Amino acid sequence: MIARSKAIESILEQLDDETAVLSTTGMITREVYAAKDRPGNFYMIGSMGLTSSVALGVSLLNPERETVILEGDGSALMSMGTLALIASETPANLIHVILDNESYESTGAQPTISSQIALDDIASAAGYQSVHRVDDDEGIKTEIAACKTSPGPHLILVKCSIAPVPGIGRVDLTAVEIRDRFSAHLG
Amino acid sequence: MTIPSTEFWAALKSRGFGFFAGVPDSTFGPAYNDLLNDTEIKYVPAVREDVALGVVSAAALSGKNGAVVMQNSGVGNIINPLTSFNLLYKVPALLIIGWRGFGGPPNDAPEHWIMGVKTPEMLSTLDMPVEQLEVEDWEATLDRLLTEIQEQSVPGALLVRAGLLS
Chain W
1 MIARSKAIES ILEQLDDETA VLSTTGMITR EVYAAKDRPG NFYMIGSMGL TSSVALGVSL
61 LNPERETVIL EGDGSALMSM GTLALIASET PANLIHVILD NESYESTGAQ PTISSQIALD
121 DIASAAGYQS VHRVDDDEGI KTEIAACKTS PGPHLILVKC SIAPVPGIGR VDLTAVEIRD
181 RFSAHLG
Chain V
1 MTIPSTEFWA ALKSRGFGFF AGVPDSTFGP AYNDLLNDTE IKYVPAVRED VALGVVSAAA
61 LSGKNGAVVM QNSGVGNIIN PLTSFNLLYK VPALLIIGWR GFGGPPNDAP EHWIMGVKTP
121 EMLSTLDMPV EQLEVEDWEA TLDRLLTEIQ EQSVPGALLV RAGLLS
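From first to last, the protein sequence lines are chains W and V.
All residue numbers for the first sequence refer to the working numbering, where the first residue is 1 and numbers rise by one.
All residue numbers for the second sequence refer to the working numbering, where the first residue is 1 and numbers rise by one.
Only chain W is shown next, with the shape it has when bound in the complex (with noise of 0.2 Å):
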């Protein structure tokens, strides 16, 4: 199974520069943002949860824009409302990548239900587009080059290890920069 930080790496290399990236509150911001800081990135520091929200938004208010949600299986638990939402809405230019390592890493690895719960069926019941299941660097490349040639929403289950990144920094923008530079960039 991939590490979170490589299978984060990964998808940032097969996005392209106009697409916007959504990513969750905790470590995986910490790593988009170590990986690959970019203008389309919006960093969620707070509000577990609610990423995957304000990208649904963005993708219905940008319809020409790809759209890519990186959040974890806590955040995807914790709104699942919302993955039944984003089912019935159908962003065509959205993808929802879930980067399930079974654990709330970011508070110190305790297990989630994830393990027991498949996020990929779930996501097929509520009507994404496309589903997709992978664990490695080449599933990764393909199943995101696939998502960006049709529409959406499409899910990406990335099942990936839990391998803390030693030393890893925080966002060093402020919250006002994270938005202004995001807006800027969505234009």
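In short, the hints are calculated from the structure, not lab data.
Hints may contain errors.
[What the hints assert, rightly or not] The calculated label-pair distances, taken between Cβ atoms and stated as ranges, are:
(1) PRO111(W) <-> GLU139(V): 49 to 57 Å
(2) GLY167(W) <-> GLY104(V): 49 to 57 Å
(3) PRO30(V) <-> LYS36(W): 49 to 57 Å
(4) LYS64(V) <-> GLU13(W): 30 to 38 Å
(5) GLY169(W) <-> GLU136(V): 53 to 61 Å
(6) ASP17(W) <-> GLU136(V): 28 to 36 Å
These numbers were taken from a predicted model, which means no experiment stands behind them.
Glycine is no exception: its CB is placed at the ideal position from the N, C-alpha and C atoms.
Chain W is fixed; fit chain V onto it per the hints.
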């Protein structure tokens, strides 16, 4: 005297609001259906109030105006996004909140009694602008709230009692 629903939504549209999300409330009565049926308005039927606020916040990030429509029983659900997202990032939104339990017991159903009394206090403790809709001078009240929202770049709440919109 009431505020005609069509005039209320038209006033919001004329002020640039075309993107709404919410969770229905009977306070609004048929006015809610007018919102849903308005072809010039995109309404997202959010599954919770915090989800509605998240969706609508994308409007401000996209250079547009967005509004949440909800019941005050959902105020608890928006405290986390307000404190760790909207107020922190200075992302504005208009919150149109139906005020169940206005005046406290014995008004309305028991589940609305506590929040009915505490609603203005809960919102103002976050230093958000809060206004109460009244029939008299309602457009001036709306404009005052929208000005505060814009100047402070934060969410602001418009409290709407039952029977005000027709």
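Hints, one by one, checked against the model:
1. PRO111(W) <-> GLU139(V): 49 to 57 Å: Holds - the Cβ-Cβ distance for PRO111(W) and GLU139(V), about 54 Å, lies within 49 to 57 Å.
2. GLY167(W) <-> GLY104(V): 49 to 57 Å: holds, 54 Å
3. PRO30(V) <-> LYS36(W): 49 to 57 Å: holds, 50 Å
4. LYS64(V) <-> GLU13(W): 30 to 38 Å: holds, 31 Å
5. GLY169(W) <-> GLU136(V): 53 to 61 Å: holds, 55 Å
6. ASP17(W) <-> GLU136(V): 28 to 36 Å: violated, 52 Å
Checked against the numbered hints given earlier, this structure breaks only hint 6.
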